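Asker: Dock chains F, H and D against the given chain B, drawing on the hints supplied.
Protein chains: 4
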Amino acid sequence: MSGNTLGKLFTFTSFGESHGAAIGGIVDGCPPGLALSAEDLQIDLDRRKPGTSRHVTQRQEADMVEILSGVFEGKTTGAPIGLLIRNTDQRSQDYSKIMDTFRPGHADYTYTQKYGVRDYRGGGRSSARETAARVAAGAIAKKWLKERYGVSVRGYMSQLGEVDIPFESWDVVNGNPFFSPNVSILPTLEDYLDKIRAERDSVGARITVVAEHVPVGLGEPIFDRLDAEIAYAMMSINAVKGVEIGAGFSSVAQRGSVHSDEMTPQGFVTNHAGGILGGISTGQEIRVNVALKPTSSIPQERRSIDKNGNAVTMQTTGRHDPCVGVRATPIVEAMLAMVLMDHALRHRAQNADVQCATPKII
Amino acid sequence: MSGNTLGKLFTFTSFGESHGAAIGGIVDGCPPGLALSAEDLQIDLDRRKPGTSRHVTQRQEADMVEILSGVFEGKTTGAPIGLLIRNTDQRSQDYSKIMDTFRPGHADYTYTQKYGVRDYRGGGRSSARETAARVAAGAIAKKWLKERYGVSVRGYMSQLGEVDIPFESWDVVNGNPFFSPNVSILPTLEDYLDKIRAERDSVGARITVVAEHVPVGLGEPIFDRLDAEIAYAMMSINAVKGVEIGAGFSSVAQRGSVHSDEMTPQGFVTNHAGGILGGISTGQEIRVNVALKPTSSIPQERRSIDKNGNAVTMQTTGRHDPCVGVRATPIVEAMLAMVLMDHALRHRAQNADVQCATPKII
Amino acid sequence: MSGNTLGKLFTFTSFGESHGAAIGGIVDGCPPGLALSAEDLQIDLDRRKPGTSRHVTQRQEADMVEILSGVFEGKTTGAPIGLLIRNTDQRSQDYSKIMDTFRPGHADYTYTQKYGVRDYRGGGRSSARETAARVAAGAIAKKWLKERYGVSVRGYMSQLGEVDIPFESWDVVNGNPFFSPNVSILPTLEDYLDKIRAERDSVGARITVVAEHVPVGLGEPIFDRLDAEIAYAMMSINAVKGVEIGAGFSSVAQRGSVHSDEMTPQGFVTNHAGGILGGISTGQEIRVNVALKPTSSIPQERRSIDKNGNAVTMQTTGRHDPCVGVRATPIVEAMLAMVLMDHALRHRAQNADVQCATPKII
Amino acid sequence: MSGNTLGKLFTFTSFGESHGAAIGGIVDGCPPGLALSAEDLQIDLDRRKPGTSRHVTQRQEADMVEILSGVFEGKTTGAPIGLLIRNTDQRSQDYSKIMDTFRPGHADYTYTQKYGVRDYRGGGRSSARETAARVAAGAIAKKWLKERYGVSVRGYMSQLGEVDIPFESWDVVNGNPFFSPNVSILPTLEDYLDKIRAERDSVGARITVVAEHVPVGLGEPIFDRLDAEIAYAMMSINAVKGVEIGAGFSSVAQRGSVHSDEMTPQGFVTNHAGGILGGISTGQEIRVNVALKPTSSIPQERRSIDKNGNAVTMQTTGRHDPCVGVRATPIVEAMLAMVLMDHALRHRAQNADVQCATPKII
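Protein chains in written order, with full-length UniProt numbering: chain B, 1 to 362; chain F, 1 to 362; chain H, 1 to 362; chain D, 1 to 362.
The following block holds chain B by itself, in its conformation from the complex:
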């Protein structure tokens, strides 16, 4: 593989499979002096963990994280931070069916072709369980960004299947299992998802994530732009099929006279750019949309092939989320936070001495 590291200066290297001994990773490049404890990471892990409502998988995982290194007397030392989350609810179930066949929409076929072998237990390395480690690492980035720059990174569900979710308030997002920013729509969402589940089907979701108080200047053109690295990080999440910055695909039909955000001494007038111009943060709110496909594991008969290439039909049983997007909000936040922290460090490396005569307009 050798593709399990994210970032350049603030890096996260991940390991672990769904039904192996543990998942976890190493955060390297966190500056010294940050107050940090396992409890700081547990907050987001608990937001992501399974089994907390009827709308998500019933797998029971405490997702307790242990910090193995890099923290001394309650503060980071600058040394790498080892993170360990033991798997506890690996069912010793009968894998005989899926070990020999390839579930549609999953990575079973591609892993087998690429590696010759495949850890078929619960999806192995390709399982979304791996994202728990990202959430733990992302919590470190979130905390540092908040303390050092006052940056907040938070997301919400903006669409569930066909249901668009109008934004109302950040205050309610963490109070419902969907991370919906709108309470009046909750009954609709619940009914909708219950119906999907009753139909033995699944559905996709769109998540919106916003970073506020990001300093102007983050991003390293022309390839390591902030938007390019955000796109990479988001698309690396299981099930993500699309990424938009600011106006995204709607900018195709916009006029330049509308899209290009005017400036006044009091700030930008609009934010169609999503807080990034030329790959560099403007100081405005950074706004990102991601599209998550419907869960591939559904209890319906579907056509596939077995390991010998023969036609089979199969249905996926077991514990699955009817919409993988329901638990995706903390993951999306973690990815954005890690990218921003990496770029905050990269920026000051090369531009620590910069004196800019022009006042910031935000």
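Bear in mind the hints are in silico, worked out from the structure with no lab data behind them.
Just so you know, these numbers come straight off a predicted model, no measurement behind them.
Any given hint might turn out to be false.
Chain F residues, not near chain H, derived (Cβ > 12 angstroms throughout) [what the hints assert, rightly or not]:
#1 Pro-50
#2 Ser-53
#3 Gln-58
#4 Tyr-95
#5 Ser-169
#6 Thr-313
Only pairs whose alpha carbons sit at most 30 angstroms apart, straight line, appear in this in silico DSSO-like list of lysine-lysine [unchecked claim]:
#7 Lys-307(F) x Lys-75(D)
#8 Lys-75(H) x Lys-195(H)
#9 Lys-75(H) x Lys-307(B)
#10 Lys-195(D) x Lys-97(D)
#11 Lys-97(F) x Lys-307(F)
#12 Lys-307(D) x Lys-360(H)
#13 Lys-195(B) x Lys-97(B)
#14 Lys-307(H) x Lys-360(D)
#15 Lys-360(F) x Lys-307(B)
#16 Lys-360(D) x Lys-146(D)
#17 Lys-75(B) x Lys-307(H)
#18 Lys-307(H) x Lys-97(H)
#19 Lys-75(B) x Lys-97(H)
#20 Lys-360(F) x Lys-97(B)
#21 Lys-360(H) x Lys-75(F)
#22 Lys-360(D) x Lys-75(B)
#23 Lys-75(D) x Lys-360(B)
#24 Lys-97(H) x Lys-360(D)
#25 Lys-307(B) x Lys-97(B)
#26 Lys-97(B) x Lys-75(H)
#27 Lys-97(F) x Lys-360(B)
#28 Lys-146(B) x Lys-360(B)
#29 Lys-146(D) x Lys-75(D)
#30 Lys-360(D) x Lys-75(F)
#31 Lys-75(D) x Lys-97(F)
#32 Lys-360(H) x Lys-97(D)
#33 Lys-75(H) x Lys-360(F)
#34 Lys-307(D) x Lys-97(D)
#35 Lys-360(B) x Lys-307(F)
#36 Lys-360(H) x Lys-146(H)
#37 Lys-307(D) x Lys-75(F)
Quick reminder that beta carbons are idealized off the backbone N, C-alpha and C, glycines included.
Answerer: Relative to chain B, chains F, H and D alone:
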């Protein structure tokens, strides 16, 4: 910056500004033995170059590329390939207006804040002129992919502003200035863009790019997935605000029973995944959409600030594309080709010995 | 830090402090299909571990390694391999002396200046204890190199303080605590080191490491040469102050007519180059010398400063090796093996298709 | 290759062959605001260039460098700096002899085996001519280090063949063709080298390079230590076979009571460490020795093989340095400067906020 290198094994490092002495770059990691000449690169450079129709900027640049190294007796040697394109049509115009103000929608403000200084001549480093060097480098990747694996990478315009462009045929794409895969719609596109230009405005575009005959197995989970690296490469192009793989944002409203592509011994039944599962190519066609925002430079009065932070109004004159998407197709192809070549090399590094008992279904 | 990863395609990312919860790391990029168990790693860990003779530190660490991921049904899957070694003999001793002062020859002063804080327990991150994780990771590389290419990587002590150790036989190296390739000299070494210890002093060592049956062609000029990456890897080991390839510093006084190795159809006539020409392996034996400085921790009164910058005298007590070089051989082997494996993967990425008409002469 | 980039934040990517169109490279990551012109680079290029005395090759190369980008109105902008040096004295000589045979001590055999093809004109990519581009890039690092931190990086020849050169004064180093810090020994050196050349032979050299006023704290343990990266950079120079930091190989026979440098409030008492402890700069002078092997090209009959594997004898004629070490001093300085600059940037990325209560003792 230190963000001007793309790729891990097949790398492209870029340099140059819009009105500096030259643009170019270094391609490192091209295997030895590939027949290569400047003419091979010129084909795509000519497809991208300005001044070829009334629908693009009238800047005259021959965009002649010189290969400085890495090719001996007509073949690559494995040594880095230096690429040089001299700028020839830098107008010694009066920059006094834009040097002291920040054009809306451009990177002028962010570059100034980040670096303290800014090469204001024609956008400097943030100009789309830089993409010519990408196209030259991408042509190397295209050629190698074609010769080594039979891969073809080609794109087309699928939407111009509000006008959706139904795909009809690859054969016509290179025969019109829009890279439209549909000739009957050309009068509509021309009238539409003439009208936009007459209104002193600009508009966005959506480009679709497709890679065929990609081997199964490319992509390095869990971060350096093929889709993640494609998203990074596409979002690194000037003006791109969104990236989709396969069904993209439409997968949000899809059911799992629709989206998850079934398999038979004769192949995948559908391709909602866009040819990538778990971050690894399936062997199907890889299908990517990118959204380009409207050109920011329009001859309308717009509000901005000057370098001292005072309110000003300004309009951008000069030679500009009314839709930056019109010339974007060769750029998008170049980016996809470079990502695929990088991953073809990475794949065989780690999996050269893999024996897979399961037959390929494509 | 963000400097805790070694390698480009076969990578090892390390974490852990001397007296923290654990040390370990993540090996990423190991090809799938390699038979691997914790026992494979334990062999070299046992060769390196403390407390096995009177000539090394008496700290008791079982150094039992747990493989957390990346191995399924006894074989690697291509997924990252998590490695965990719990620390067990961290003494809850009184650190009040060293926490406020800087031990001469140690990294106490530089870590404090760099990070502002320092994990003072047993040297924290700068302790040689961290090298146990390297040895575990290196054992994976050793096994793969042996099975895939027949490469052997092995080292020996070639000098202890003033005592030069003539090479006699590989067979005896693992049968004595010094990794001496010469049994007749053992009484001399033991007496010498006993005397050093009795004098409350320490001494350095030179280790020689040799790789045999390395394929011709490994190394990526002009920076990532095989010799350059070996030098990097060796100098990254605690206490190493010098690295030589082949004739090393003695080549300064050599004539070209002596140093330059002639070739015949039967092979190279000599090997002053140490198996590397132009940064690329020749197929001959690769031969590397490293110089390790004497242990800095000695029970003598020495001058230093305290954390407020005041003059102090201090002596280092506790459990220390009188010569850090005594246990260095497995570490040096691990580093060479990891570099070779990384380059074996890199080589085939770019040169898998190369047909060379010239026969190999080794 | 894909091994032609040095550094992580301050990077230099190199291209070019000895007898191709040009050599050069791209410097990425130089902070904005540094006053820079081609003349700044020419100073060191002129120190390295051939043909300036009878003790070096008589090839005539002006080595004029053109800055293609990244500098605007006399200052760096933060954009990548393109560097171009045209080759002018490529002789259209008869290569028929060396194109089919492998010169002993050169990379001819290894390049052919690795790449299948080889640019045989003057050594192609493996020629030391490539180091001119390094010198140009290193001059940028030198200038930035001097202006930003007051760091000076300078070297001298400390041994020529069997002749040790005692250090006397920096003032005389640039006044003689050997970069000898000692004028009284110059007649000896000249006679010695004349004799070597008369004997149709060559000899090696040792170069010492010293950096003064380096800030404490540079270096990223545990792999990207400052000493490890210096070792890598030095060993990447053609002909280098050994690297020492501080006491180097002589530390093997030292006692800990001698080697470990004591500290007082007035500073370190000694500097056996060579200015680096735990991989981090101490603030003392950084001191590095490198061993260069004798020139491989000598006009003596030597045994080799041809491209079909048959035994041949050959002698290398043409224009060659009798000691490649004679012109190596500016190269060694360039490499050290680039490593230091990269680490100065990396250090402030992660430690810009560090407050250290302990006063610096240098």
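Asker: Out of the numbered hints, which ones does the structure contradict?
Answerer: 8, 30
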